[in-house]
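Visitor: Make the full structure from the sequences, and use the hints.
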Amino acid sequence: MDPEEIRRARPDHPIADLIAHRWSPYAYADRPVSDEDLRSLFEAARWAASSYNEQPWSYIVATKADPEAYGKVFSCLNEGNRAWAGAAPALAIGCASLNHARNGKRNEAAEHDLGSASASLALQAIALGMHVHQMIGILPDRVREVFRVPEGVRPLTGIAIGYLGDPDALPENLRPRDLTPKGRKPLAEFVFGGAWGEKSSIVG
Numbered sequence: 000m001d002p003e004e005i006r007r008a009r010p011d012h013p014i015a016d017l018i019a020h021r022w023s024p025y026a027y028a029d030r031p032v033s034d035e036d037l038r039s040l041f042e043a044a045r046w047a048a049s050s051y052n053e054q055p056w057s058y059i060v061a062t063k064a065d066p067e068a069y070g071k072v073f074s075c076l077n078e079g080n081r082a083w084a085g086a087a088p089a090l091a092i093g094c095a096s097l098n099h100a101r102n103g104k105r106n107e108a109a110e111h112d113l114g115s116a117s118a119s120l121a122l123q124a125i126a127l128g129m130h131v132h133q134m135i136g137i138l139p140d141r142v143r144e145v146f147r148v149p150e151g152v153r154p155l156t157g158i159a160i161g162y163l164g165d166p167d168a169l170p171e172n173l174r175p176r177d178l179t180p181k182g183r184k185p186l187a188e189f190v191f192g193g194a195w196g197e198k199s200s201i202v203g
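Residues 0 to 203 in numbering that gives the first Met the number 0 are what the sequence shown spells out, letter by letter.
Treat the hints as calculated values from the structure; they're not laboratory data.
We put the beta carbon where it would ideally sit given N, CA and C, even for glycine.
Heads up, some of the hints might be wrong.
List of simulated lysine to any residue pairs, SDA-like, C-alpha gap at most 25 angstroms [claimed, not checked]:
1) K104 x S49
2) K184 x A19
3) K71 x V148
4) K71 x D29
5) K181 x K198
6) K198 x I18
Pair by pair, the computed Cβ-Cβ distance ranges are [as the list claims (entries may be wrong)]:
7) E150 x E171: 22 to 28 angstroms
8) L97 x V202: 32 to 38 angstroms
9) A15 x L173: 25 to 31 angstroms
Guide: What follows is the structure in structure tokens.
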């Protein structure tokens with residue numbers, strides 16, 4: 000079974016191929032990601048939209064080419080994610096600056112904007128033949144300690160980056176996750192019109 004084919008989206012309405020092929024694998028191949036390709040991923044994140052163009056995202060990144068740095072990032076993942084993410088050749092931590100640089104007030108869009116940047120990163124990965132897996136399961140206090148993250152910045156997500164591996168190499172409890180077709184709610188369940196929960200007329 001080809002995980003790429005199994006996990007590819009089968010949308011009800013036309014979407015771009017990059018979006019259809021984006022998914023979050025657990026199995027990663029023992030194949031390094033070049034610095035050039037990593038730069039492309041973070042360049043894609045750089046050009047994401049953000050409130051007031053604040054660009055409130057930051058990333059801590061390490062590859063297996065630097066085992067010490069990689070080990071530091073890996074140690075910031077929770078136990079469940081350590082079970083698989085250590086196979087990825089690159090790991091990152093996504094952080095959001097919680098206050099506006101322009102006036103010091105709370106940036107209510109900061110975490111949204113980090114998500115937007117990371118979504119751009121994920122799609123760029125697909126364009127380069129790679130996949131990323133974002134995870135909320137990190138140890139924020141450890142990120143702060145190990146990387147001296149300043150106050151006002153929230154370590155929020157981990158990101159595994161690399162090429163697809165063999166699901167058979169995964170722990171048995173994780174294997175089905177790379178071999179199960181994707182499902183999503185239909186538009187009628189989240190695109191509303193006249194009132195909350197009332198589907199929009201565009202849905203049909």
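Visitor: If a hint holds in the structure, say so; if it does not, say that too.
Guide: Cross-check of the supplied hints:
Proximity of K104 to S49 is assessed by CA-CA distance (about 16 angstroms); at most 25 angstroms being required, the pair is judged to hold. With a CA separation close to 15 angstroms, the supplied pair K184 and A19 stays within the 25 angstroms bound. At most 25 angstroms may separate the alpha-carbon atoms for a hinted pair to count; K71 and V148 meet this at roughly 14 angstroms. Proposed proximity of K71 and D29 is supported: the alpha carbons are some 19 angstroms apart, at most 25 angstroms.
For the suggested pair K181 and K198, the alpha carbons sit about 23 angstroms apart, so the restraint of at most 25 angstroms is met. With a C-alpha separation of about 24 angstroms, the suggested pairing of K198 with I18 holds against the 25 angstroms cut-off. Range check, E150 to E171: about 42 angstroms between beta-carbon atoms, so the 22 to 28 angstroms window is missed. In this structure, L97 and V202 meet the distance hint of 32 to 38 angstroms, their C-beta atoms being roughly 35 angstroms apart.
Here the CB-CB span from A15 to L173 is close to 29 angstroms, well matched to the stated 25 to 31 angstroms.
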